[in-house]
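**Student:** Order-wise, the sequence lines are chains A and B.
Sequence positions in the first sequence follow this note's numbering and run 1 to 112.
Sequence positions in the second sequence follow this note's numbering and run 1 to 117.
Treat the hints as calculated values from the structure; they're not laboratory data.
Wrong hints could be hidden among the right ones.
When the alpha-carbon atoms are kept at most 30 Å apart in a straight line, the in silico DSS-like pairs for lysine-lysine are as follows [to be verified]:
# : chain 1 : residue 1 : chain 2 : residue 2
1 : B       : K14       : A       : K3
2 : A       : K69       : B       : K42
3 : B       : K14       : B       : K55
4 : A       : K3        : B       : K42
5 : B       : K64       : A       : K69
6 : B       : K55       : A       : K3
7 : A       : K3        : B       : K41
Chain by chain, the residues run as shown.
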Amino acid sequence: DAKTTQPPSMDCAEGRAANLPCNHSTISGNEYVYWYRQIHSQGPQYIIHGLKNNETNEMASLIITEDRKSSTLILPHATLRDTAVYYCISPSQETSGSRLTFGEGTQLTVNP
Amino acid sequence: GAVVSQHPSRVICKSGTSVKIECRSLDFQATTMFWYRQFPKKSLMLMATSNEGSKATYEQGVEKDKFLINHASLTLSTLTVTSAHPEDSSFYICSASTGPTSYNEQFFGPGTRLTVL
């Protein structure tokens, strides 16, 4: 898996955009970037994934730099329920199955 | 969306007993299921990967005789913690996917909190 680096914590005001960065400078050409989040005492939840193009779904947007060495997850209008640990993962396509290796992630706290 | 359930959500047991945790994919067939363990304020650690009808693949350092995994059908996998000890107390989470593809989207269960007294 490509090593990913995320800030340990971030704060965001309710209603504002939350921009969560992730560095993955060792990513190879066929490795995707996945984002999951885990609300306290729950199982992780898939958010979004991408390869090289920017992606958007009902939950978030994913912006991947042209050199693919970093990406940013954007929650356009953060709510209190978005408080969670956000994980950026880049699994190796050479490993078996859909194996995910979770790092420490970023604890996002959305403040009222 | 795809739903994965776990049962029980919480379990308290005495040291030396065995505990079985069930993981079910409710609305899709999961050819591959994963079991994770999470200690307080720590990240998820993958314990094993199981494919329906075959033996589970355990991560390094995970005792296969202690953590028995069965994936007998496309919708059910079980994790049995045998001869549980207090150090096995943890949050156990399963996930399921439709199999090895270029998309690693996994659907996670809500987790099972195990407390061993």
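**Student:** Flag every earlier hint the structure violates by its number, smallest first.
**Tutor:** 1 and 5
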